Structure formats: C-alpha cells, structure tokens
Amino acid sequence: MIRNRILSAVALTAGGVLMATGLSSCAAEAPADGPATITVLAHQQVRADAIKAEIPAFEAAMAKQGQKITVKLETDILTDAQFSTKITQQYNAGTAPDVVDMNSAGMSGYAGAGYLLPLDDYLAKWPGWESFFPITKAAAKAADGKTYALPHEMGVQSLFYRKDVLTKLGIDTSQPKTWDELIGRLQKISAATGGPAITLPAGTAWGGGSWAEGFGNIVAGTDGKFFDESTGKWDVKNEGVAASFDLFAKLTQDKLLPVQDLQNPNPWIATKYKGFVDGSIPVAGQGSWGWKYDWGPSGSAPIEDLTSKVSTWNFPALDASGSPYVTTAPGFSWAVTAKTKYADASVKFIQWMSSDEALANQLVAVGAVSPRSGLDSVAPYSNEPQLLEAEAQLTKAVTVPYADGVDQISMAVQKATEDILNGASGSEATSTFVKQATDLLGPTKVN
Amino acid sequence: MSTNSAGITLAGRLPRHKLKNRRNARLLLLMLGPSALLIGVFVVAPVIYAFYLSLTNTTLLGFEARNPKFIGLDNFKYLLGNGDFLSSLGKTGIFIALSAIIGQTALGMISALLLKNKWMRAKGIFGAAIVMPMVVPEVVASLAWASMLYSGPEGTVNMITHLFGMGAVAWLQQYALISIIVINIWRGIAFAMIMFQAALEDVPDELIEAARIDGASALQIFRVVTLPLIRGPVFLYLLLTAITTAGIFGLVYFLTQGGPGGDTQLVALFIFDRAFQFSQIGLGSAASVIMLVIVLILGLTYVRVAKVEV
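Chains as they are written, first to last, in numbering that gives the first Met the number 0: chain Z, 0 to 446; chain B, 0 to 309.
Next comes chain Z alone, as it looks inside the complex (with noise of 0.2 angstroms):
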C-alpha cells in the first residue's frame, strides 16, 4: 500500500515536471518592451571580437530608452563548413541562439527550411532599411520574396597580386584584359620560381569557398544566364559553366594551381596564409577582406607594409569580348531565429549594430565593404582607401548567384573541381557536375 503510495507520488511528480518542461517550452514570445536576455553566435574570432566590443553601448542605449536587453555574446570557433553543419542542427532541434551572425552564402537554405524570422515587417519600418544599396537588398532575399537577414556587410572580390614580386620577376602588372593573357604572365612566373603562380579556391577540402570564392567568380562573369530568376531554375548546362570548368583545367593541366595544397585540409593555410604571404604564389583570388581579416596587421597571416606589396587586377573575361570585371556577393549577415522568445529585442540588435558607429567598427575590423550608403564619412570606415574604392566599384561589380538551391550547387561544384584537381578535362568536370547538381536538387529545379 505504501509502495503503491510513493509510486503514485513520483508518477504524479515526474507528470508534473513534463507538464511545466512542456508548458515552458511552448512559452508565448515575451513582451516587445519588457526585459530580454539575448543570445548572439559568432564563429569567427574577429567578428565576435568587433560583436563584443559594441555590446555594451547597446545596452546602454537600450537601458536609457528604457528597456533592459541583456545581450549574451556566444563565441564558438569553427570553420564556414564546421558552422554549418553545427548551427543546422541547432535550428533543426530548436536549440539556435536569438541571433547567428552568419556567411549570407547559407541564408538561402536556412531560410527556405524556415528556421530564420522573417524581417519584412520590422525592415518596412525601419528608417534605416532605405540606406542598403539596392544590390544589398536584392541579394538578401529569399526565394519567396521575404528577406531572412539583415546584411552586414558586402564582399567585393577581385585577384589580388603582389606586385612587389611581379615586378622583380619582371612581369607585367598592369590589368590583363583576357584569361589567356594572364595565363601566359601565371606560365612566366611559374617559369621562373618553378611552382604553382594562382590559388583560387577549388576542390571539396576548401569547403563552399570553392564556390563562393572560386569557380562562383568566374562563372559570374559569363552570360549571367547561369541561374534563371523568372524559373528559379539553374541551367547547369550553360556554356559559361563549360568554360570556367575548362578554366579550371587548364590552370591545373599547365600546373599554375597548388593543386596538392588545395587537396589538404584547410587548404587556405598552404595557399593564402603561406605561399601568397611569402611570394612563392603571387596571384590568389580574393575578397575585399584580404586587406584585413587575412593579411592585415591583425589579421590571420599578416603582410608587413600590405598596401604597397600588394594590389588588385578585375577578374578578366574569359574572351575577347567580355570585358574585366569583380564580383560581389553580401558577405556575413544578421539572422533572427524563427523561434525566439525575444524577436524585438533581436531585431533592435541588428538594427543597432547596423547604425553608423558600430557598422563602421566592424567593417574595418574584418576588412569588409558597407551594404549601405553613407559610411564614407563615418570613422574608421571613412579612413580605409581600399575598402572605400571596392565599394565605389559596388554599382558596376557582377552578383554571383545566391538563390535556393545555391548550397547544392556548391556542392556539385566542389566535387567536379576536385576531379580537376585530380586531373579531370574540363568537359569531365561539367558532366561530374551537371550530374552531381541534378542529384542534388532535383530534375525539377535544373535546365
């Protein structure tokens, strides 16, 4: 009887506990205006050192409007692959921080799988909104004409080339007009220091670089037919995917890739923080934020006296015709969680974080390029010449395409540049990858 009793108790206990875990759970959202505790996820040292750092001008303004939002900075170090894997199945289980400040490259997928807030509403209402470049805006929408994340800054990539070797080896530093024209400077170089003279981003080790940071750029500066917008299809068997894939091997074949350094984990090491840093290979392709967070005096593997060793050409056009171009794409934005209890204290973050000061901030500390207008008189951004040029170049620079479907396609293309690097043809490599593309995303989404 007494057994039964404590049985009963415990049974009744344990009921209980579900209950209040359940009822927890499914708390409704917190008053807009009441205090909030905010959780915010950066895996990048830099970008949460510059997230720290304006944390607490946020609460005190917050504080003397007369809300207490506490915000929790969450700093987790990991690599663009490693984040993703990790923060998917964060969203997935329901476990994400409010805000992740992320690679604009995954949006798509997250926001498709509906794990990111929709900002339509508070962006509608935010005098700020009005300031983002009209290619700012347009890059962070999703496929269904909502946007998810609030960007924060914008990449503009080009190849960069120390100009300091070039010149002693006596080569050409002006802007090469075609691809063949660079080959032949890459062959003279390799000539002479006996190794590989370009690195851009291929293969699987390099993760979606070899996209974003890669084969993404060159494709870019084709027809521009690559992903059909009015379809929301990607046709994998456009030409201009045949001629960077061609691109690709012909780098390899004439041995102008590191191609063993790009086959090893983190292969940026070998390539950008080794052989451009100490000249060995002088041309690498790169983003606006080469100047800070990869050779700056604080950044990963810095270049003494950066601004006069090294310098930028366009990427050139792959014929005759075209004309040398560089690319832009956002680069980290803001995301609010689908399910957080504090979607207006996030929001005010973001928006905070976006106001003229702290953007400024941040920029100059990773090297990045301003999603808006009127930051070039705002300091320390108004004081960085590179950064102000690459974003005068934002109006004419070509998108690389961010659309649904864009992770898949990176895949496919990390996989057929890494039979190139392997010693894949061209032709090869774009059969391997309109293969690789029509598994991944389905026939119904490929031309």
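One thing to keep in mind: the hints can contain errors.
[Stated by the list, open to error] Quick list of the computed label-pair ranges, beta carbon to beta carbon:
| # | chain 1 | residue 1 | chain 2 | residue 2 | range |
| --- | --- | --- | --- | --- | --- |
| 1 | Z | A62 | B | L142 | 42 to 48 angstroms |
| 2 | B | V138 | Z | D318 | 47 to 53 angstroms |
| 3 | B | E137 | Z | T94 | 21 to 27 angstroms |
[Said to hold, decoys possible] Chain Z stretches covered by chain B per the calculated footprint, using a threshold of three residues with CB under 8 angstroms from any CB of chain B:
| # | region |
| --- | --- |
| 4 | 86-93 |
| 5 | 107-121 |
| 6 | 251-264 |
| 7 | 410-423 |
Worth flagging that the hints you see were computed from the coordinates, not collected in a lab. Since this is a predicted model, take the numbers as computed values, not measurements. In this text, a Cβ means the ideal position worked out from N, Cα and C, and glycines have one as well.
Since the structure of chain Z is already known, use the hints to place chain B on it.
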C-alpha cells in the same frame, strides 16, 4: 507469512514456487530494466527512426525541408546505383581487410606471442609501446600523424626518408589510403594483442612442450596446436574489429576528410557528408541502413563460420 503442507501461502493463495518465480521476475526486471531502457532509447529507437528516415526525402536545408515526403525505396535504389557510394563501400572493405583483419590481427598476434615468450626482455616497455596508441585520444593520434606525414621536408617521416636520399613525399595525398591503413593498424594492435594474450594464457604449456619434444617447429606448434585452441577468441576479435573498423570516422576525417578526390572516403565519411554536410538526412540514413545490414551479415557469417557463441 505461514504456509500449509501443500506449499500454498495463506496470505497470497499462491504456490511457493510461483511466488518465487514472480519475485525472480521482478528482480530481473529491476536489474535489466534500466539497461533495457537505455538500449531502447539510445540504440533501438534511433535505428528505427533512421530506418523511417531512409524511406523519406528528409533534408535539413531549403524549402523541401518544410515538407518531407515518403519516397519508398528510392534512396536505396539511388545509392545502389551511385558510383560514389559503391566506391566508398569498396574502400571500406579494403580498409577493413588490410588494416583490421590482416594488419592488426597479424601484428597483434605476433606481439602477444612475443610477450608470452620467457626469453623476451623489456616486456614492460614493449607492451607499453604497443598499448600507447590505443590510450591516446583519436584527435591527438590524428594530429600527431598529420605532423609526421606532413608533405614538406619538415615532416618527421620525410626527414627520415631524406636520410636515405629520398625527396619529400606528400604521404596524405599520394598514398592517402595506405597511410590511413598503416595508422589504423598502429592504433589497433594493442586491442588485438590484449585479446590474444588472454587467449594464449588458456593454452596449456604441457601441450606446447609435448609438441616441442615431438620435434615440431615453432611455426608448426602455432599452426597445429595454439591456433586451433584459440580459434574462438580470434574469431570474436575479427568480428569486433571488423565492426568497429567499418564505423571509423574521426581518424580519417581529421587526417584527410575523405580526400584527396574521395580516395579515403569510407562509408562513414560518405554518410557524414550526405547527412550533415549536404543535409540530406534521408539519403544519409539509407546509407546507414545499408551499412548496418552489411555489418549484420558480416557478424552472422563470422558466428556461423566460427561456430562460436557470442
């Protein structure tokens, strides 16, 4: 509680043996219940869920993620016609055969026999050197080997080969599969050695002595006397090592991430790529189910062939 002469309890009106059985059943439930619950929650339920997922197109990213559909056996059909998956199965087979079944077993047996010998000196140092790789965490072991096999002239192995006039070799690119096979052998010898040492303890010394007196060579003694007597533990080891090696992930992921060009993409890495990198949970689950079936067949075959109780 009192009982009558027929063994019936006056209180419960139950025969004594039935009461005892009931008590035993309760005790059994109490003792096995927690383990059964844990196994049910953490092993059986995930397997059932993985099987369910394998019949759907569940993905974690993109608009399809919002509405996963039941697609029957499509994932299995796709995988069994997919060159990458079949290739990863083949590589896993080679990896198991060369590193676990041949390498670890042979070297583990040699080590155990050496340690059993009376004339062997410095047994402690020898045993510790063999066991060390097993106790070192996987990440540490991987990083140590990554450093040793570094492709530049600063790599330890390249420094050694340089003494013999050889140039630097990119071991993890040019000989990636062989490298991970060697590393896995290095890590697994200890377990084999411990298993075989225990088995060798049960071999009566008199039998060995008798065979020796009859003029049998060391190899003949091992083949005709020792090996048949330790057949059971050897087959059990082969079963265990084949199963654990089939699931190896960390060692290969840290060293090569499945590269270069998929040369070291074992099934575990293929599953990880599909399920977590490509977020195709349905397809990754299907690959896991296929692997589970293969491992089960492997295990049952071992048990049947060896006629051992596991």
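A quick look at each hint next to the structure:
{"no.": "1", "hint": "Z:A62 with B:L142: 42 to 48 angstroms", "verdict": "holds, 46 angstroms"}
{"no.": "2", "hint": "B:V138 with Z:D318: 47 to 53 angstroms", "verdict": "holds, 48 angstroms"}
{"no.": "3", "hint": "B:E137 with Z:T94: 21 to 27 angstroms", "verdict": "holds, 26 angstroms"}
{"no.": "4", "hint": "86-93", "verdict": "holds (count 4)"}
{"no.": "5", "hint": "107-121", "verdict": "holds (count 6)"}
{"no.": "6", "hint": "251-264", "verdict": "holds (count 4)"}
{"no.": "7", "hint": "410-423", "verdict": "holds (count 5)"}
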